[in-house]
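Asker: Chains as they are written, first to last, in the numbering used here: chain A, 337 to 658; chain B, 11 to 587.
Errors might be hidden in some of the hints.
What follows is a list of derived Cβ distance ranges for each label pair [claimed, not checked]:
1) B/D429 x A/R568: 34 to 44 angstroms
2) B/P194 x A/A365: 26 to 36 angstroms
3) B/D429 x A/V488: 22 to 32 angstroms
4) B/G502 x A/I362: 22 to 32 angstroms
Rather than coming from a laboratory, the hints here were simulated on the basis of the structure. Computed from a predicted structure; not experimentally measured. Note that beta-carbon positions come from the ideal geometry of N, C-alpha and C, so glycine has one too.
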Amino acid sequence: MSKFILKRIAAMIFVLFSISVLVFLIFFATPGVDPAARIAGRNADQLTLQQVRVSFELDKPLPLRYLSMMRHLFISQDLTSYVNRGAKVLPQLFQAIPATLSLVFGAALIWLCVGIFLGIAAASSKRKWMDPTISFLGIVGISLPVYWLGEVVNLITQSKLHNSVFSWLPPLGYVPLTQDPLGWFLRMIFPWMTLALLYAGIYIRVLRSEILSVMKEDYIKTERAKGASEKRILYKHATRMSLITIVSLFGLDFGALVGGSALLTEVVFGIQGVGRLTFSALQNFDLPVIMATVMYASFFVVLANAIVDVVYALLDPRVRRV
Amino acid sequence: MRKRSIILVSMLATATLLLSACGGSSDSNSSAGSDTTTKGSFAAYDETKAGGILKFVAAGAGGTLDPKVNYTAQYWQLYQASYDGLLAFKYADDEGSFEVVPDLAEALPEITNDGKTLTFTLRKGIKFSDGTDVTVADVKASFERIFTVSSPTAGGFYNGIVGADACLKKPAGCKLDAGVVVDPATNSVVINLIAPDETIISKLAVPHAVINPAGSPTTDAGTTIIPTTGPYMYKSYDPNKSLIMVRNPYFKEWSHDAQPQGYPDEIHYTFGLTATAQVTAVENDQANWGYDPIPSDRLNEIGTKYADQVHVNPLTAMWYLPMNVNLAPFNNLKARQAVNYALDRAAMVKIFGGDKLAAPVCSFLPPGFPGHEDYCQYTVGGTPEAPATAWTAPDLAKAKALVEESGTKGQAVGIVVSDDEVNKQMGEYIQSVLNQIGYKATLKPISGNIQFTYIQNTKNKVQISLSQWYQDYPAASDFLYILLSCGSFTPGSDSSINMAGYCNKALDVKMQKAMDLGLTDPAAANKLWASIDKEVMADAPVAVAFTPKQLDFISKSTKNYHFSKQYKMFVSQIQLK
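Isolated chain B (complex conformation) (with noise of 0.2 angstroms):
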């Protein structure tokens, strides 16, 4: 996933005063007031702490509220809170809450049929927030609805699905009754698959997954609500004005590690507040929390007056540089590693906002994911044969040497990037670089809304440009098989989001038994992963920067922070007594 308004990002050095004082704030994030157990999992539900109204702003409204479409990590937050599947991700702390448990389902799935049967057993005595009870035809019905409003992961997540494939070609009507077989007497839910799948358990996990009512509208549902079955219901949605969700009356918690009780009695969020306002907002005690990233120009007086209310956590996310392997000088590999040897990772952390807020990296997968291990071929000393273990510095001779044999010395080079302060900063440096080891680059800034799809597609002869990926669950799969396999190249479409084109028949074999392994090994299969990952860095199809942090600056009131590596601030933990 791709964080939605990381174009808003805009953070400059001056964080780097910050550092002193984010000391005060815990990277561990579980501030004062939050006591958790030894498992992990958060203390029981206490009663004495419910109530208030909980207050956010953001600058626009996230789109759809439809959970079986929106894709952006603004709404995710609130799903959790709200709606629910069959599974969910844990409510824990750290790499707890990259943990997968029952939700309305009662146990984890048995798996059968060599990984392609799974069957769940339906929580009995849930209901819906119209007070309808939850069945399994409900659950059918949300897994047909998954393709017939066209959801953004249908072909990505949910192909491998019995029946899906006709489903795909064919939305409406859609009908899954060999893929989820369901038996109103005994409560089961069988999925069936085409081919056993590594990650399915993290997929039907996601809000793409939940579980709505059998009668919810059959196009994307907009604006209009549908109703939950979590601690929260939505009331009201006007994208131009604010979203409003209240307890939800048929709410009872079932599981306290997927679904607990949530604390605050409404939750209001307003849209129209520029990124400054929200900072004012949240000082001020206003709101409690903003959703877009930061301005620079006020890191500097929420590190040193409120530092102790800055929260600031490691993402699984990277900023990284697609290099276009099918177009000159990038289809040359020494130009490619060239690009990769000449990149300060420094330089780029610190424009992001110091290393606070970012870390430098040079393998695929981000650090604290799984499949990551600790190494650095781009670096000085480091070579794609023996790679250092951690980036420590440019090697801007070999990169100009690398250029040199590669026989692109000289050639224009265009960098295509957001139009957004620190995007065109970097790509400002990156054009800096380019021009050090041989090359005549020109800068491309675009608006930020339509950079992402305009990279893609290959008619626009996109050369290098800069991008980020936020994981959408933790499986090594979506970094690496996602983003670099052939799979994922559609030459000429703007859906193309193997930026990079590049293809690498012998890789995806690769990527695909590591699927495989995973079903049946996961630590196995991660180190194959990790050799994978080693392997495409070698081949160079990018330059991985950095991998950037989550900064939370919340207001005084608000108490009992915890942070998911899934969903990011836990919403419905927050106290405000």
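Extracted from the complex, chain A is given alone in its bound form (with noise of 0.2 angstroms):
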């Protein structure tokens, strides 16, 4: 067992290393992306130009400049911005997380009870509309793209009807919630619906085929040959059985969330989470933040990915031979 966990950490080195290699190859084969220009300033003599080139290693060979920026990510822990110059990269990033995960926690909460809840209704109701009429919100939901709901329920809720239904709403951005828990939860409220609204439509729709198909199952059948009332086959049986499949969902999609896959809903609403510095950093070929930001989210989704691996190789012996 430890030296298949061994080997499932080598591979996760490996593929971090991958990613950052890659990250690093294509920002520098951008073409008229080098940097040194734009860190130097307008119209800077061309000896200032050379100066920015030896101060942020961009006279050295790329393999070299690699190395250099992984030792000031890694070791030193002192990389800085290109465009932010100063600014340095880490702290930035771990600024940013509480944030995010205020984010992600929040519209997490609300989509598992919304997907949970409704998917169980859709799937056992015995009102005939009941059901379309849940299946057809949730494509809705899925359907709708996140910048575009966010922009207009802050349309509504910051613009239009902001002098009288929504009078209480603080403006736009986040602050900590440490700082202020009531203007926490209320800048939340509508970052947590927009975000959770599309994973709920997917929740709803996942939940209620599989607990669709589980009802199917021989042991549901022999649970209603044995008298089992229709509720306790549904909660008991079909519901809990069908959770297993929204447990590892979830696990995948919080993992992406938190690393950074809640980008457009960040800048929507203005929080200034792991999303909207990834998203900053790219529209300025900021590639210091850049490789910071992927590094994470990429730690996140293979750390995610080992750690099932792991977990399915506790569960299963066979998978340990692989």
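Dock the two chains into a complex; use the hints.
Answerer: The following block contains the structure:
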């Protein structure tokens, strides 16, 4: 078993290394991307340009540049941005994490509650109209692009009805929970709901079809034959079985979102999280920040996968031999 | 200077709706409650109006906070209220804001030695925001620091100081012992130049020449805060979150024209709101002002519902099309002139947002700028020899004939523009014009963040592009000499601001003459610049399209709006009471 875990860790490091090399090479292969002139400033003297090149180690060959960047990122941890010179990348990233966690935790709570409740309702309802209605709503939720929905929500809550219905709503942005709990909560309500809508739609549909397929299983028939009530069958057996799929799906979604996939929601609502940091770094061609956020995101995804693999291995001895 | 976030400009024809509404706002830009004295100076400080937190919002931060390195309009505006040089641009409306006045120096310099020696006396009793005195040693160190931190303008603005060439070559440990001579006993500061420089006064008034403590970092300070001398100091800076400015406890007004006391108690600049969210925040009075240009779909709304909170002011800037004079087809004069004749400047103004937000021009120097004369060679009824007074309409027939004559008809032309909405639309328009006059044009939009350096590098073989230039200081040389002299063209470099690759030795000599003349007779020099302008445009290395205007949308609680032609809205003068 320990050999298996070591193998997984080695594979994880290899994947992270490959991603970092790819990001690095793609960046420098982009035409016109050389950051020296943008760092030096408009109409900089050729000598000044040369000094910037030296001080940012842009005069060195690519492999050395890569090694130096990795050294600054992981060992001395003092890698600084190309755009906001002097701003260290790692503190920026760590500062952004609480905002992203606030957004993703709250949204996850909402979409799990809504998804599970409506998913069960759709699968079990005896009223004929209910299942298609819920499924339809689910599809609507999945289809609405989050950046569009976010803008519309802002238009209504911050602009059109701000002086009447939504006068209690604070301006867009993020305040830490520890600093102003109520302000934090009020500011996060609409971002949570916007982000949750998409995932709730997916979860409703997944849970519904899972429950319906489990209901056809033999052991459910056995339960019925034994005289168990429909309620007991639904909650105790069918839903419980179906939740396994939901839990593994949730693990992956949650990992990706914490890694920065809530980017568009963060941008639209002005939440200074990891996603927005990635977004602005991509816009500004700020390689050090791009590198840090990509490594951070891939770390979460790779870690989640590794944990899943290890857990599978624990459960199923056959996997260990692979 | 090129405005950093111009790529975000997103103003469409909907702005024409703004026309009527903006009538209520003032182009002369003094809003209610702003009394100005007769000389253009601002009214004396009114303590009853002081207080409150001024809130600004922007999509992103402006980069390093180091005043010697930052070269963005976003932070230069704040530096005016926080840092001081020996000289400063005046706190005044209209033309007055271009005037240079003594700031940390007691008076304007005494100029001797044929313009090569400038003698200042540093004011006594001024302190930095950390409580230490401002001394002549700080002044000397500040000039050396321009070179040690590799300021973007070290080579462009300050290379004329004696000893600067050595410092440019070897910035570490730069010493200007002969260039900046100080005497602590008399508090005098003598700046020695290798040659007279008619723009040195302006260059000493911009933020890269401000005075910082001698112990400031020897590399770009980045997010580290450097003590200020003005009414505000920086409390915290996080480029991903916010910039907080508070009152400098050691500030006492020493010159109302150079650095008046500020009104708000604090200034909070928050980063991370989209341009449209900024407009909403200002409408709700959650923010006083948003930095980014107003999106086209919001112009109508603010123009109709919030007309009295809108201020429109002309900028001394231009949008223009550099044409590479070293590459076919634009290595042919007639081909370049044809583009100039064919360009419908009114159409480009319309794409930018209508005549309230821009005005068509053909001259290189923008209206309201030293040396500008109203003229247009490339319009119906105009020729390079006998220009019309203003642009009226394109002359397509003439353009087609010129292309025919030049023998370049049918050649392929690539147009490189930024990939934002407005630039791309203008690119599409330029493409249609080039196709109309006989070229096979293709549009190449690239990311706005790299377009500006991409089009400068000759290795990228850019034939024609769309770019912008915003003034650094009010002098004709800031446009003509910087953008079109031989010295500004460095083949193969990303920093070669002369994008057309235009090098005319005879004209360089003439420009040098105009700069020399500026030292003794600015009026005559400006006349000469006007003739150089015409001469350059007859050669047509670029096609100038229009001059943009600044649209500021302020919240209803924001009072005492004043506009500086140099730094835009005066931040410290805004009143919240």
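Asker: A separate judgement is required for each hint: does it hold in the structure or not?
Answerer: Verification of the supplied hints:
1. In this structure the supplied range 34 to 44 angstroms is violated for B/D429 paired with A/R568, their Cβ-Cβ distance being about 60 angstroms.
2. In this structure, B/P194 and A/A365 break the distance hint of 26 to 36 angstroms, their C-beta atoms being roughly 55 angstroms apart.
3. In this structure, B/D429 and A/V488 meet the distance hint of 22 to 32 angstroms, their C-beta atoms being roughly 25 angstroms apart.
4. Between B/G502 and A/I362 the beta carbon distance is about 24 angstroms. The supplied range of 22 to 32 angstroms therefore holds.
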